[in-house]
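Asks: Sequence order for the protein chains is D and L.
First residue of the first sequence? That's 1 in my numbering, and the numbers climb one at a time after it.
First residue of the second sequence? That's 1 in my numbering, and the numbers climb one at a time after it.
In short, the hints are calculated from the structure, not lab data.
Computed from a prediction, not measured in an experiment: that's the story for all the values here.
Just so it is clear, CB atoms sit at the ideal spot from N, CA and C, and this is done for glycine as well.
One or more hints might be untrue.
Okay, the calculated beta carbon distance ranges per label pair [stated by the list, open to error]:
#1 30/L with 150/D: 49 to 57 Å
#2 72/L with 56/D: 51 to 59 Å
#3 68/D with 153/L: 34 to 42 Å
#4 48/L with 140/D: 52 to 60 Å
#5 49/L with 140/D: 49 to 57 Å
#6 105/L with 192/D: 43 to 51 Å
#7 187/L with 30/D: 47 to 55 Å
#8 55/D with 96/L: 23 to 31 Å
#9 137/D with 187/L: 43 to 51 Å
#10 17/L with 20/D: 26 to 34 Å
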Amino acid sequence: MMVIILWNVIIAAGLVSWALVAYRIWFSFPDRTADDVVDFLLPVDVETAESLLDPAAESSLRFHLTRDEFRLLQRKRMHLYLALVRKMAHNAAVLIDWANREAEAADPRTLHKAHELQSAAAEVRLYALAALMKLRFWQLVRLGSWSVLPAPRLCELREAAGVNAMESYGRLKTTASFLFQVRSHRRFEELLQSL
Amino acid sequence: MAILTFIFWWAALPLEAILLWLLLRKRIFKTLPWFFTFTLFSVIAGIGRLVFRYHVGYYYYVYYGTEAGYALSGFAVMYEVFRHVLRDFRRIWWFRPVFPLTIVFTVVLAALRTGHAPLRFRTWIVEWIVGAEMGARFLQVSMFVLLVVLVTVFGLRWRQHAFGICAGCGLSATVDLLATTKFYEIGTKFTFWWGILSVGAYNCAILIWLWYFSGPATTEPPRAVGPPLSAEDLERYKGVLRRAPPP
Chain D
1 MMVIILWNVI IAAGLVSWAL VAYRIWFSFP DRTADDVVDF LLPVDVETAE SLLDPAAESS
61 LRFHLTRDEF RLLQRKRMHL YLALVRKMAH NAAVLIDWAN REAEAADPRT LHKAHELQSA
121 AAEVRLYALA ALMKLRFWQL VRLGSWSVLP APRLCELREA AGVNAMESYG RLKTTASFLF
181 QVRSHRRFEE LLQSL
Chain L
1 MAILTFIFWW AALPLEAILL WLLLRKRIFK TLPWFFTFTL FSVIAGIGRL VFRYHVGYYY
61 YVYYGTEAGY ALSGFAVMYE VFRHVLRDFR RIWWFRPVFP LTIVFTVVLA ALRTGHAPLR
121 FRTWIVEWIV GAEMGARFLQ VSMFVLLVVL VTVFGLRWRQ HAFGICAGCG LSATVDLLAT
181 TKFYEIGTKF TFWWGILSVG AYNCAILIWL WYFSGPATTE PPRAVGPPLS AEDLERYKGV
241 LRRAPPP
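One chain only, chain L, in its complex shape (with noise of 0.2 Å):
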């Protein structure tokens, strides 16, 4: 039993270095480079806790460190989805404070739910890193919806990277968020119940992530950001005005 927990407890690691070998092995830290660093991060996170784990005073510390961690990370892989995402909308100026006010929106709610929560932490720094991680597993299901609604609405491809991260974490952030109310309705006798689903759901996260990358890679060209013709278009138009008759 004790060794069936451990695999469970500790499963995301060797999962996440797959991934990281994959990412590697396909090129991806050119076209996502912070879902790459968010990725490698995670397997020194979770070497770090690894390490750490009979440790009590300094797990603590790396805990909590690398928590700071995987909230700044998991804002910095959200901008990149949704520039990914969204490239194709960049035209309409009313998307490109979508992002930021977004960010701003979920900080706000999380610090205030984080506020009414009837846990206290230790210190302030604790209560901001718990405030960040929520607002970052926040930014991810808003990601989340937003996204499926763009695809349902105007079936942008979901079989894309960018969508395959952003499933895995929302479902992974929305199980999280889910657990944490749960957690604070309930209080400690809910602890262990809220370590096994968000564990669960982060490693499906990572399934969902490896079932992604490990499909058959499809490089994105640039963009066109001037006229839409391309010059071989001009050069075919250009032809069949030479062989049409002279009015």
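Isolated chain D (complex conformation) (with noise of 0.2 Å):
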């Protein structure tokens, strides 16, 4: 019985992705470039993501507030890396989807720089993924309202699935800055203040 719902699911699966494929194909953005770049990025304050990930300031935090008020900061913060880490998420996509189009390029130095940049921004991806996962998660089961548990660690968020946040998207600026040069590109000042 186990088999054939497995089995079932496999195929059905199939002709979903079948279906998602198609509504990629008619809803992407047609052929994104090096202007279609800055005007759709989202500014990340890199400053606040490290001040919610650093586990001294959040440990000082934990020392000076009393319980019920760090349940309710932790809350706060929360929100506010979800936000953060949205943002990522989103400017990410949109460079990847740049690098996309730059990778089908002649010239061998765009063509490199374009892998590297595809690269870095599915690592930055694969941690939204994994960090949006689970604050949803400590959001889902109010982690951090309950008492008898203790309130939920943001600093754990520094690295999620294998990734380092702030290393990855470290990453992906520097890699979009270098595409941008290899291209050069006039907003390159725009570029660095809109990531």
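Once you've looked at the hints, go ahead and assemble the two chains, each given alone in its own frame, into the complex.
Replies: Below you can see the structure in the form of structure tokens.
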């Protein structure tokens, strides 16, 4: 019985995947060039993200605040970090879309930089997926509200799915700026500010 | 009508021959050797089946012999696709066992499903060949689903050759599994439609591959396995440092 259910699930997944491919072809952004990058990016406050993931800052808050105050603040910090991770994931999606287009270039230098950007953006997307799942789980079970269990530690999200958040996002910024330089784009400064 | 049936039944052979010519012309055998081998094998198998189609005794051996070849090359092609598409994730330790574990899962599931099938085969070898064929189909659908998830979640490039291979295999395998499931339920009354669906889906898969491989070829350079900075970038950094005023 279980085998037949699994079998049918896989067939259904195959059919749904085809529908998804059709949806993606129909609704995807058409041909993203370097001109279609900066306006679509959402600035990420890296310093805020660093401070949210700082274990020393979190320990200090835990020490100086009452238990209830810390739980409330931790829930707010979780929401703030969730917003930041979403922006990181969005930016990585825009950049990977652009890198995919640049990866079709004939110039080997552009090609190399595009592949580096693809790799960096995929890592950020992987991190974002894992971190969002963890944050959503904490929010679902209201881990921050229960007094019997310790409040979740946000600094644990420095690394998720084997990817370091700040390192991978830093690499994304560097590789994106390198590819922008290779393409001699005039909005280089804007790109750095938008990431 | 007989001519139309013949064209539909054997259309895969000239299409595969065109695909083989495209792969040769674009030197795809260097980047995707297993897919090239699979296409070459398909052409040879197709010719073999066409030649022996009226020799019932020989055709049985040719058919199941080539099916075994399809199953083995199907696994190899999927491994190639996995390596190509997921090379960006190689640094992450838990990505490495994903493929072997998927193979084990699909083969076990296919063996169990074939064991539950009402149909009985003439010999145990044929039963194993059909089981392996089902396993390969199952793996192809799983890989296709995995790739669609990765494209959706990570934004991987869907216009790359490896994704095209997987999309073709995924379509063919999904329809094939669906038809086989119906065949198990309905029995030999469904044989005609089972054949139509399987052949039609495989022809569509070849058309997908032709579309992917007829596009402009992009040569993918080897990825850097060392530090992320190239020597050129390092030189640029050194230049900036040299120009910086002393503290």
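Asks: Does each hint fit the structure? Answer for all of them.
Replies: Quick rundown of the hints versus the structure:
no.: 1; hint: 30/L with 150/D: 49 to 57 Å; result: holds, 56 Å
no.: 2; hint: 72/L with 56/D: 51 to 59 Å; result: holds, 56 Å
no.: 3; hint: 68/D with 153/L: 34 to 42 Å; result: holds, 37 Å
no.: 4; hint: 48/L with 140/D: 52 to 60 Å; result: holds, 57 Å
no.: 5; hint: 49/L with 140/D: 49 to 57 Å; result: holds, 55 Å
no.: 6; hint: 105/L with 192/D: 43 to 51 Å; result: holds, 45 Å
no.: 7; hint: 187/L with 30/D: 47 to 55 Å; result: holds, 49 Å
no.: 8; hint: 55/D with 96/L: 23 to 31 Å; result: holds, 30 Å
no.: 9; hint: 137/D with 187/L: 43 to 51 Å; result: holds, 47 Å
no.: 10; hint: 17/L with 20/D: 26 to 34 Å; result: holds, 32 Å
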